[in-house]
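Protein sequences, first through last, are from chains A and B. For the first sequence, the working numbering assigns the number 279 to the initial residue and increments by one for each residue that follows. For the second sequence, the working numbering assigns the number 541 to the initial residue and increments by one for each residue that follows.
Hints may contain errors.
[As the list claims (entries may be wrong)] Which chain A residues face chain B? A few, computed with CB under 8 Å, are given here:
(1) Cys323
(2) Arg327
(3) Asp381
[To be verified] Computed footprint of chain B on chain A; a stretch qualifies when at least three of its residues, placed anywhere within it, have a C-beta under 8 Å from a C-beta of chain B:
(4) 304 to 316
(5) 337 to 348
(6) 393 to 399
(7) 416 to 422
Rather than coming from a laboratory, the hints here were simulated on the basis of the structure. For glycine and all other residues, C-beta sits at the position ideal for the given N, C-alpha and C.
Here is what each chain is made of, one letter per residue.
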Amino acid sequence: VGTQRLDFAEFYRDCRDECLRTVLVSVGNPDTAQDLVDEAFARACASWRNVSRHPAPAAWVVRTALNANVSRWRRRRREIPVPDLCTVADQPTGSWAAESPVDPTIKAALMRLPTRQRQVVALRLFLDLDTSATAEVLGIAPGTVKEHLARALASLRQDIAIIQNQETSS
Amino acid sequence: MNDDDLITTVRESFTGVRSTTSVAQIVKRSRAVRARRRIPGAFSGLAVVTAAAVVLGLGLSGAFGSSGAAPARGTGTIRTASFTLVEHANHAVTLTINPHVLFDAAALRNALHEDGIPALVTSGSFCSSNPPLAAFSQVEYWRPGVGHNLGGGTFIVSKVGLTINPAAMPAGTELSFGVFQPRLDEQLIGSELIKTSSYSCSSTPPSPPLPDGLIFRLLYRSAGS
């Protein structure tokens, strides 16, 4: 048990920031992201014997966090009307804008992406997952991952350039 | 800006985002997760969990007043960690499967037999008759609207709650349940009606469309929520 606890502690220290960044980009709210990641790591700790044998435990954590977000969103949906049932991520909030250490240009460009594209970007960039692992985490086809990533990078490149040009001209 | 530059820019812009939760807080929260997973009453005074069940990871518990890994039985109810079987006055039974515990095929088969429902419950294989028996729809009911319907008789669910009507089972038939674990966080359960004298089993999980059967993708994701 002691060894397992040490293993988990090491895993947690190594992966917590990357997992948080991935989930933050996916859900768009820092408080929600922190809580989801904490819960996912707690579940990983509770089942560490199994999770540690997973080929990509960090991906397991992110997937658990995103699934928990969907569950949370479904519970909330029963309580208040939601205009767009296809969007499961939280809407970007002012709290991220006000306190975030993230470059506002990058953040604005990211938050303009559709949820799925943001998730693909986050998994590829922060967890370094390859196409098939990203597809596995999100439950979509590898070809769809490639398509989302290509579109997301094109949109990001365009948006960042526009914002930077606007800032330069003003 | 090429792709590599773009990726580096985005990645570096997040270096200031860091988790503020300590590992001690996570470990403490994990204890709450474990506590949520426990089935109420599973560890009451007379509960005896056999070493075999523990070794097999069946999560079998709650043998009230009995020995070994026998399921708990109240009035018309059989309860184990992995499922609950409730017999109603009209002899129909409701089967509820707990998604947070590895499915216990042998215990379910025994419990169904106790309730007079002939069943073949297999783990890692699925048995079916060819052609499939259309009477299935009269035997097994799944509440419409529960879970995410993928079509072809396939549902993604966080919890399975089936009603089985043994009176509608034609003579010489039995229910087939095949349980698979394709991923760490998912169980796949297929169900059909089969002829006792003529069926075949395959280690391939059932795939849609299953017009005279049901497939459940049971996700562990909502543990404790």
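Here is how each hint holds up against the structure:
1. Interface restraint check: cysteine 323 of chain A against chain B, minimum CB-CB distance 4 Å, threshold 8 Å, status holds.
2. With a least beta-carbon distance of about 10 Å to chain B, the hint placing arginine 327 of chain A at the interface is violated under the 8 Å criterion.
3. Annotation: interface hint on aspartate 381 of chain A holds; nearest CB of chain B at approximately 4 Å, less than 8 Å.
4. Here's how the stretch 304 to 316 of chain A fares: 4 of its residues keep a CB closer than 8 Å to some CB of chain B, so the rule of at least three is met and the hint holds.
5. Only residues whose C-beta sits within less than 8 Å of a C-beta in chain B count toward coverage, and the stretch 337 to 348 of chain A has 6 of them, enough to reach three; the restraint holds.
6. Only when three residues or more bring their CB closer than 8 Å to a CB of chain B does the claim for the stretch 393 to 399 of chain A stand; here the count is 1, and the claim is violated.
7. For the stretch 416 to 422 of chain A, the proposed coverage by chain B is not satisfied: 0 residues have a C-beta within less than 8 Å of a C-beta in that chain, short of the threshold of three.
Of the numbered hints stated above, those contradicted by the structure are hints 2, 6 and 7, listed in ascending order.
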